Amino acid sequence: MIGNSLRWEMNAFVGFIERQKNLYRRYWAWEAVWLLYNLVSVLSIGYLASGLSTLGLETSRVNLQQTQLYLLVGALLWTYLSMVFFEVAFAITWERWEGTIEYTFMAPIRRLTHLLGMCAASLIYGIARAAIIGLALVALFRLDLSQANWAAALAIFVAATLPLLGLGIFTSILPLLSPEKGEQMAFAVQGVLLLISGVYYPITVLPAPLHLAGILSPLTYTLDGVRQALLHGLSLAGALPDIGILLLMGVILVPASVWCFGRAEVRAKRLGLLKRSG
Amino acid sequence: MAIRASELNTAAVEVDGISKQFGQEGRIQRVRPWRKTSKPKLALDQVSLHVDSGRITGILGANGSGKSTLIRILATLLTPDAGTAFVFGYDVVKQPAAVRRHINRVSVEASFFKEMSPWENMLYAARLYGSGGEGTRGRVEASLERLGLPLDTLDKPMKQLSRGQQQKVAIARSFLTTPSLLLMDEPTTGLDPRSKREVQELVRSIRRDRAATVLLCTHDLQEAEVLCDRVVVIDQGRVLAEGTPAELIRAHAGRDEGSLEDAFMQLTGKRLEEDEEEKEE
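One line per chain: the protein sequences are A and B, in this order. What the first sequence shows, in the working numbering, is residues 2 to 279, in sequence order. What the second sequence shows, in the working numbering, is residues 408 to 688, in sequence order.
Quick caveat, the hints were computed from the structure, so don't treat them as lab data. Incorrect hints may have been included.
As the list claims (entries may be wrong) - Within a straight-line C-alpha distance of at most 25 Å, the following computed BS3-like cross-link-like pairs (lysine-lysine) qualify: (1) K446/B - K22/A; (2) K501/B - K182/A; (3) K521/B - K448/B; (4) K448/B - K22/A; (5) K521/B - K603/B; (6) K448/B - K276/A; (7) K566/B - K276/A; (8) K603/B - K566/B; (9) K182/A - K603/B; (10) K448/B - K182/A; (11) K182/A - K521/B; (12) K22/A - K501/B; (13) K446/B - K276/A; (14) K563/B - K603/B; (15) K182/A - K276/A; (16) K603/B - K22/A; (17) K563/B - K501/B.
Note that the structure is a prediction, hence the values are computed from the model and not measured.
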């Protein structure tokens, strides 16, 4: 019985990944535009760092390379994190826009399967896109990664997945609560994460309230930990505190976000908000 | 999903005193003079209904009469404010997962990913309903062929298909999941006469070939008359009458050779067209 149920849910889980793959393929022109936009954004950050010397702000070549690497790691990670966040957070908005939201919500599957399927598709796609941009960076900039500890960076990256998905699921609730304004609110959340998580600067430069918010953001630990590992060779043992914090955040955020999503779904069904037009 | 032997003896749908109102949050509204507030609308008012298994039951009513709200409640997409609703003995509020395994819905708006092809949409549906492995493509092709859709449409984006073709794919998709109860919400609205007739023939074949129960919402009186074993007339969220088309005509048409339209006019005090005109205004 449990085996059958698990098989049923696994089948649906694969269905969501398969569906997203088909959608990415069918909307390939849009995806190409977004990829180009991401690439150009990351490159412009890289060239901004290159241009610092011409402004007389950085004189030492070593410092310039370190600064460039610092910014590029931030830009690349933000591209990945924001893309995964966006895909998960907009899962509901997208279905509402397509007009399939009711069909998906009346399917005989657990909501957890639905959400995890969307998360898995987003992670796979996010990694693929970040890898393409990463290859472009390696080709265009002379990046000194001789100090990098890839194992530690990878471990932090993997640990960051859980809280990132939790945040994404939390944000995907917004369009369920408000069909008209939820999408804009999700963009606002993304913007706040960019501000407080130390994507291009250490969070210590932020004013106290934002600094505090930055401490609570899992992306802060991801960016800081991966940077330490790639730029300064942070050991796996040294990365454990960051990994621990990220896993703890994930263990709290994922179940909490799924529970809140369930409550929001109940509310949406009570108020009749699942319709396409809301 | 096939129904169990024990479920065959229960009614396909049992609705008791369902009410649903929109436009209120269930809490005291603060007075905000700058904010336009809409008047709460009672979509369903103490609706009770019994649908036997293996029949086509029509829910007949004008736009805004509460048909779609009823279908959404049975599809577990809306929760009623009061009353209970059971599908094959399962409570739509307390046991939504069990209900969902027995139902599928064809709505007036074809719910598809428009850029994806019929095949991709149907594969997605199959995955959600426990299949999608080997042999699915063959079953989808057979299903579409039976509906008279050329196989070269299978891999085209849905947006390139006509509305009639899209509706046929929606019906084929519902066949694929073998529901015991098919909820059809105005499946022929907006179709040309030929497509309409083809879809109606499909509805007949569902009962004939699959022994499935069909709950058909329509505001097409002729369609209800020719397709339905029983008809429930609903207006302003209330059930006004129910019976076979012949029974309703006999009891409410007011003359011996009347039609279902005569019966409907007698029951509601107006023609369907009038309601639609009022709604447009």
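Comparing the hints with the structure gives:
| no. | hint | result |
| --- | --- | --- |
| 1 | K446/B - K22/A | violated, 44 Å |
| 2 | K501/B - K182/A | violated, 30 Å |
| 3 | K521/B - K448/B | violated, 32 Å |
| 4 | K448/B - K22/A | violated, 41 Å |
| 5 | K521/B - K603/B | holds, 22 Å |
| 6 | K448/B - K276/A | holds, 16 Å |
| 7 | K566/B - K276/A | holds, 20 Å |
| 8 | K603/B - K566/B | holds, 19 Å |
| 9 | K182/A - K603/B | violated, 38 Å |
| 10 | K448/B - K182/A | holds, 23 Å |
| 11 | K182/A - K521/B | holds, 24 Å |
| 12 | K22/A - K501/B | violated, 34 Å |
| 13 | K446/B - K276/A | holds, 19 Å |
| 14 | K563/B - K603/B | holds, 22 Å |
| 15 | K182/A - K276/A | holds, 15 Å |
| 16 | K603/B - K22/A | violated, 34 Å |
| 17 | K563/B - K501/B | violated, 40 Å |
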